[in-house]
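I would like the entire structure built from these sequences, with the hints used as guidance.
As you go down the protein sequences, you meet chains H and D in turn.
First residue of the first sequence? That's 1 in my numbering, and the numbers climb one at a time after it.
First residue of the second sequence? That's 1 in my numbering, and the numbers climb one at a time after it.
Note that these hints are calculated values from the structure, not bench results.
Even glycine gets a Cβ: it sits at the ideal position worked out from N, Cα and C.
Among the clues, some could well be false.
[To be verified] If you anchor each label on the Cβ, the simulated ranges turn out as follows: (1) Val-154/H x Gln-83/D: 19 to 29 Å; (2) Pro-57/D x Lys-56/H: 31 to 41 Å; (3) Leu-71/D x Leu-309/H: 54 to 64 Å; (4) Val-69/H x Leu-71/D: 13 to 23 Å; (5) Arg-374/H x Trp-10/D: 24 to 34 Å; (6) Tyr-79/D x Arg-61/H: 29 to 39 Å.
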Amino acid sequence: MNCLRSLSTVLSRLEDPDRVGNTAILVLVVITALGFDFTNGFHDTGNAMATSIATKALEPRVAVALSGVLNLVGAFLSLAVAATIASGLVSTKLVTLTVVAAGLAGGITWNLLTWLFGIPSSSSHALIGGVIGATLAAAGGHAVLWHGLVSKVVLPAVLSPIIAALVAATGTYLLYRISRSLTDAARSHGFRIGQIGSACMVSLAHGTNDAQKTMGVITLALIANGTLHAKANAPFWVILSCALAISLGTYIGGWRVIRTLGKGLVEIESPQGMAAESASAAVILLSSSFGYSLSTTHVATGSIIGTGLGKKGAEVRWNVAGRMATAWVFTLPSAALVGAGAEALAHAIGSTTGVVVDLIILAAVAGVIYWRSRGSKVDHNNVNDEWTGSAAPSEPEPAAAA
Amino acid sequence: MSWINLTALWKIVVFGLIAGAGLPALFAFGLKALSMPGGARAQTAGGDSDQLIGGNPLGMVLAAICFLIILAAIGWGIYEVYQIGHPAPAK
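The structure is reproduced here in structure tokens:
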């Protein structure tokens with residue numbers, strides 16, 4: 001019903017020429033936001049499923065399908081994070097549709113670049129960075145709610161991987177200690193079954209946190225356009241479309257990131273996989289219910305490192321971890337720069353045309369990145385190949401022409 | 001307004017440890033109980049077998065209790081998250 005009502009609102013505005021431009025931009029912004037949600041899904045499939053795929057608890061394509069469905073369910077489970085994004089980070093009075101569009105351009109660009117290099121960086125920070133950069137460029141520092149940004153985004157970003165690592169290390173230690181009377185083969189068998197459950201919980205948790213971010217941004221756009229009043233909750237059609245976009249993205253699967261997480265950081269056995277996933281799921285679900293928009297990527301990485309620390313003799317590849325941490329530090333500012341640049345460009349050209357030019361450039365960038373990725377393809381066939389130091393496995397024969 | 005919500009922080013750490021490390025540990029206990037030797041199938045498992053079920057009736061019951069507690073805890077957790085994430089409209 002809400003869907004029909006908002007459609008009729010949109011139609012009634014078509015008579016007013018000023019409104020037509022705005023409505024066109026609104027539609028573009030919503031489509032772009034859903035595009036971001038899609039990249040969010042495939043960037044993050046690895047957080048839930050990388051360890052299960054690495055330990056062969058689940059067949060790769062079954063894993064991504066299961067994860068997609070559970071993301072869909074999770075998106076409906078909690079709306080606390082959507083509220084944080086929509087009204088807790090930037091002043092809704094000073095944000096325009098152009099700002100939201102420019103912010104999305106920043107977020108998507110950074111997400112695609114890190115995916116190309118197989119770095120599990122935070123989609124959330126990319127999005128938030130983009131929106132904040134665009135807001136700064138458009139309205140200045142007073143439009144950003146710095147307190148909300150620090151207390152609900154920056155501090156959780158720093159603390160959550162540490163908490164996840166602590167929980168995962170404790171879990172790993174307990175699991176090996178309790179199960180030491182089992183034969184290696186029986187233990188591995190048992191925890192592979194357990195991993196299916198824990199991986200499902202991570203996917204569910206991912207929906208409660210990550211799908212919410214796009215809902216928040218679309219809600220922000222609707223508030224900026226005057227369609228919704230400030231502090232409004234996400235309408236049902238927003239929740240549904242975001243849930244579908246993220247679960248589709250998850251199903252497509254970000255095989256590059258899955259590979260880095262599952263094979264690159266630590267060689268993982270099934271008890272470690274279960275400990276890592278349980279830790280991630282618990283930390284993400286708890287944080288979601290407090291409205292903290294944390295990065296599921298940071299949590300999953302912290303957990304995986306924790307399982308390496310909790311088991312005697314396990315080796316953590318700190319150089320891979322270091323490369324990730326570097327990407328994390330750069331995520332907010334880089335996405336903010338792209339967002340600010342896009343906002344400046346749109347402003348220079350003028351409202352509707354400016355946004356359209358921004359989005360065309362964005363589409364072109366996305367196309368180039370996709371084309372580049374074809375050269376070193378990672379998919380469900382080679383995702384588990386031996387780690388040789390890079391996201392794309394070395395190929396025995398020359399790659400087929402893309 | 002404080003920059004860091006200490007109440008939320010300790011809750012996330014404590015409940016995180018209980019759910020994120022405690023529940024898998026309970027699962028490990030369940031596996032251990034399940035593999036307790038006994039009953040008719042006692043001698044079938046060799047040194048490198050991946051067989052999980054030892055056949056001990058007490059072990060089976062203990063394992064079932066462990067797994068049921070885990071399922072109940074997960075169900076309760078999801079219900080709580082739903083409750084918190086959908087606040088009733090203020091009256």
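Which numbered hints does this structure break?
-> 3 and 5
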